[in-house]
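Working from the sequences, and respecting the hints, build out all of it.
Those protein sequence lines, which keep their order, are chains A and B. The first sequence begins at 1 in the numbering used here and counts up by one. The second sequence begins at 1 in the numbering used here and counts up by one.
No lab work stands behind these hints, which were simulated from the structure alone. Keep in mind that a hint or two might mislead.
Unchecked claim - Residues from chain B that face chain A, not an exhaustive set, calculated with beta carbons under 10 Å:
hint, residue
1, Ala47
2, Pro49
3, Gly72
4, Glu76
5, Ile169
6, Tyr181
7, Asp182
8, Val184
9, Ala186
Unchecked claim - For lysine to any residue, the following SDA-like pairs were computed, each having C-alpha atoms within a straight-line distance of at most 25 Å:
hint, chain 1, residue 1, chain 2, residue 2
10, A, Lys138, B, Tyr181
11, A, Lys228, B, Pro70
12, A, Lys228, B, Tyr181
13, A, Lys138, B, Glu119
14, A, Lys228, B, Ala44
15, A, Lys95, B, Tyr181
16, A, Lys165, B, Phe79
17, A, Lys95, B, Thr189
18, A, Lys167, A, Gly186
19, A, Lys228, B, Thr189
20, A, Lys95, B, Leu46
C-beta: ideal position from N, C-alpha, C; glycine also.
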Amino acid sequence: MNIARRMRGLALALVFLFSSAIPAWADAPVIAGAADLKFALEEIAAAFMEDTGREVNLVLGSSGNLYRQIGQGAPFRMFLSADEGFVFKLADAGKTVDRGVLYAVGRIVILVPHGSPLKADGKLNDLAAALTDGRLGKFAIANPEHAPYGKRAEEALKNAGLWEKIKDRLVLGENVSQAAQFATSGGTQGGIVAYSLALAPAVARLGSFALIPDSWHEPLRQRMVLLKGADETTLAFYRYMQQPTARAIMKRYGFLLPGER
Amino acid sequence: MDWTALVLSLELATATMVVLLPIGVWAGRKLAWSRFRGKALVEASLALPLVLPPTVLGFYLLVAMGGATPLGRWYESLFGHQLTFSFQGLLVASLIFNLPFAVQPMQRAFEAIAPEVREAALCCGMSRLRILRRIELPLAWPGILSAMVLIFAHTLGEFGVVLMVGGSIPGKTRTIAIAIYDRVQAFDTTGAGIMSATLLVISMLAIGLSYLISAPGGIRRHD
Chain A
1 MNIARRMRGL
11 ALALVFLFSS
21 AIPAWADAPV
31 IAGAADLKFA
41 LEEIAAAFME
51 DTGREVNLVL
61 GSSGNLYRQI
71 GQGAPFRMFL
81 SADEGFVFKL
91 ADAGKTVDRG
101 VLYAVGRIVI
111 LVPHGSPLKA
121 DGKLNDLAAA
131 LTDGRLGKFA
141 IANPEHAPYG
151 KRAEEALKNA
161 GLWEKIKDRL
171 VLGENVSQAA
181 QFATSGGTQG
191 GIVAYSLALA
201 PAVARLGSFA
211 LIPDSWHEPL
221 RQRMVLLKGA
231 DETTLAFYRY
241 MQQPTARAIM
251 KRYGFLLPGE
261 R
Chain B
1 MDWTALVLSL
11 ELATATMVVL
21 LPIGVWAGRK
31 LAWSRFRGKA
41 LVEASLALPL
51 VLPPTVLGFY
61 LLVAMGGATP
71 LGRWYESLFG
81 HQLTFSFQGL
91 LVASLIFNLP
101 FAVQPMQRAF
111 EAIAPEVREA
121 ALCCGMSRLR
131 ILRRIELPLA
141 WPGILSAMVL
151 IFAHTLGEFG
161 VVLMVGGSIP
171 GKTRTIAIAI
181 YDRVQAFDTT
191 GAGIMSATLL
201 VISMLAIGLS
211 YLISAPGGIR
221 RHD
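Quick look at the structure:
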């Protein structure tokens, strides 16, 4: 056996394996969405695919992180933020086609897993009681530094006068979806997460939840925008988001839509 | 199960292996047989990725490869797209991160070749290329192969760097390790479980293979 020949064969095989997959890189446009849209946006993308035969790739994360990545040149074609402030900042920086459009207003809930000593009480009275009587170990919210839902959770906790007491008990999710995962995983007694996530069947079966009054925090005005370089499919998806099919899905996930109420 | 992510990870691991193979052989031989000033320094720098936190490397790459830096601009003018948030960016990160895994096993393997053997070959009038092909590589191949296995397995598991410079784009930068993280966040424990089990099996095979190669009385070459 000649080792050199065998090595050459191996190298050729590897090069072939590697090059055969290259065309797969360039296809569907990538759309960045806030993590509270996890389930809703996946459903809308599937409906979009069915109606138009076109595909979009979704990347979900905290709006602040996605905003940073877009600023650093991430190849996203559209951005659905949970906080319109990030969209305006991108528009001011010249990264967007225009100033975008409001597509939903979100709500936050207190989410409590089955078997937790905590009650799902929207006015957070039971959370306050649990803090003093020692029922509360850990409590999950999204990172307020870059996740809009985390920021709103912080505001609600401050409004209830619980922030100082609960600060050391918090576990911070990188985005609100991870916060929901922390809240239901059993490692915490609960958390404050997006209403849209709590309504998703995968989450709803893990616990119970209650809406927190929306007067306790700044509104979650969610704005979407086309980014520079958006292609036709992205534009079609942008319009699709504003049409009845997508609106019905968004409504089912508890979002308040523009032009309603 | 996210097949796109698995295929992407396999591609990244393969590409890293292919690029690092000649580099590792060259650097491994050089370090094994030559003495030069600052050799210890070179060896230490090559080993640095072993102890460097992945997020630190990720941070520096993000800063260095971004669109506003000279390197980022040079790359973009050459290839028409940015290095960060692309497969090529991950490859650069992966190459740096795997350098010690390529160089160290190969260096040890070349060091183990007795100088008399090479001298004898030179005396016989063999060309240097022929010595490399017929004598050095065959003798060093267990080291080379275990380097390849380590690189492959290590790349599949890379997380911190990919998280920093990747952006989790399907088919481009969402590797299997990132996909597992994403699936857990999406409440898809089944998907995450299947993918984790897949990685566990691949890792076990890889480490088993590398032990088999290096064990005394393990695979021996007959020529």
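Hint by hint, here is what the structure shows:
The beta carbon of B/Ala47 is not positioned within 10 Å of any beta carbon in chain A (closest approach about 26 Å), and the interface hint is therefore violated. Residue-level restraint check for B/Pro49 is violated (minimum Cβ-Cβ distance to chain A is 23 Å; threshold 10 Å). At its closest, the beta carbon of B/Gly72 sits 8 Å from a beta carbon of chain A; the interface hint therefore holds under the 10 Å criterion. A distance limit of 10 Å between C-beta atoms decides the matter here; for B/Glu76 the minimum to chain A is near 9 Å, and the interface restraint holds.
A hinted interface residue such as B/Ile169 counts as satisfied when its beta carbon comes closer than 10 Å to some beta carbon of chain A; here the least separation is about 5 Å, so the hint holds. A least Cβ separation of about 9 Å between B/Tyr181 and chain A falls short of the 10 Å threshold, and the interface hint therefore holds. Of the supplied interface hints, the one on B/Asp182 holds, with its beta-carbon coming within about 8 Å of a beta-carbon of chain A, less than 10 Å. A cut of 10 Å between beta carbons decides the hint on B/Val184: the least distance to chain A is about 6 Å, and the hint holds.
Given hint, B/Ala186 at the interface with chain A, holds; its Cβ is 6 Å from that chain's nearest Cβ, closer than 10 Å. At most 25 Å may separate the alpha-carbon atoms for a hinted pair to count; A/Lys138 and B/Tyr181 meet this at roughly 21 Å. Our distance criterion of 25 Å between C-alpha atoms is met by A/Lys228 and B/Pro70, whose separation comes to about 22 Å. Proposed proximity of A/Lys228 and B/Tyr181 is contradicted: the alpha carbons are some 29 Å apart, above 25 Å.
The hinted pair formed by A/Lys138 and B/Glu119 fails the criterion: a straight-line CA distance of about 68 Å is larger than 25 Å. A distance of roughly 44 Å separates the Cα atoms of A/Lys228 and B/Ala44; the hinted pair therefore is violated under the 25 Å criterion. The suggested pairing of A/Lys95 with B/Tyr181 is violated, with an alpha-carbon distance near 29 Å, which exceeds 25 Å. For the hint pairing A/Lys165 with B/Phe79, the CA-to-CA distance comes to about 53 Å; that exceeds 25 Å, so the pair is violated.
A C-alpha spacing of about 36 Å is found between A/Lys95 and B/Thr189, which places the hinted pair above 25 Å, so the restraint is violated. Taking the CA atoms of A/Lys167 and A/Gly186, the gap is near 19 Å; set against the 25 Å cutoff, the hint holds. With a C-alpha separation of about 36 Å, the suggested pair A/Lys228 and B/Thr189 falls outside the 25 Å cut-off, and the hint is violated. Proximity of A/Lys95 to B/Leu46 is assessed by CA-CA distance (about 39 Å); at most 25 Å being required, the pair is judged violated.
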